[in-house]
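For my numbering, count along the sequence shown from 1 and bump the result up by 5.
If you anchor each label on the Cβ, the simulated ranges turn out as follows: (1) R46 - R93: 22 to 28 Å; (2) G62 - S135: 16 to 22 Å; (3) S135 - R46: 30 to 36 Å; (4) K78 - I124: 15 to 21 Å; (5) S48 - K98: 18 to 24 Å; (6) A94 - R46: 18 to 24 Å.
Calculated from the structure, these hints are not laboratory results. It should be emphasised that the depicted structure is a prediction, and the values quoted were computed from it without experimental measurement. Glycine included, each C-beta is placed from N, C-alpha and C at the ideal position.
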Amino acid sequence: MSTAARVRVTGFQKLGNKMMEVFHGIGLPVGPLQLLKVKGRKSGREYTNPVAPVNVGGAVYILQAFPGSDWVKNVRAAGEGVLVRGRRAQRVKLVEVPPNERGPIARHFPALVPMGASIFVKNGVVPDKSPESFEQAARDIPVFRVVPL
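Working from the sequences, and respecting the hints, build out all of it.
So this is what it looks like as structure tokens:
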């Protein structure tokens with residue numbers, strides 16, 4: 006699926022996102038999820054989205070599971086954000102990985118975040134949870150390297 010396509014976020018997903026904010030706010034992170042806070046490119050308002058950062062080769066990356074997500078557009082405009090895990094918050098620079106370098110990073114995602122890999126399948130980003138599927142689709146999956154500020 007091309008990243009130009011857009012997956013509609015359901016009310017259930019919005020509720021889940023809000024629940025993640027509540028859990029992190031009271032100091033209870035869930036699984037590998039962290040909250041990414043980024044200023045909106047148009048409004049300047051801060052938006053929060055759950056993400057599942059992965060460590061590959063000593064660097065941390067965030068991959069987009071929902072094609073057309075506003076958080077990706079906001080990150081591209083802002084270039085930075087705040088990652089929150091529980092009550093810990095860290096300002097970070099977010100550097101987009103060029104499409105031709107994404108394959109080896111994406112290949113690791115299903116092994117590192119199996120439940121998150123299912124979301125990529127559900128959204129039509131990849132046909133299955135195999136490392137090969139993620140590597141083949143990687144050119145169309147926005148990937149950001151997380152650099153602490």
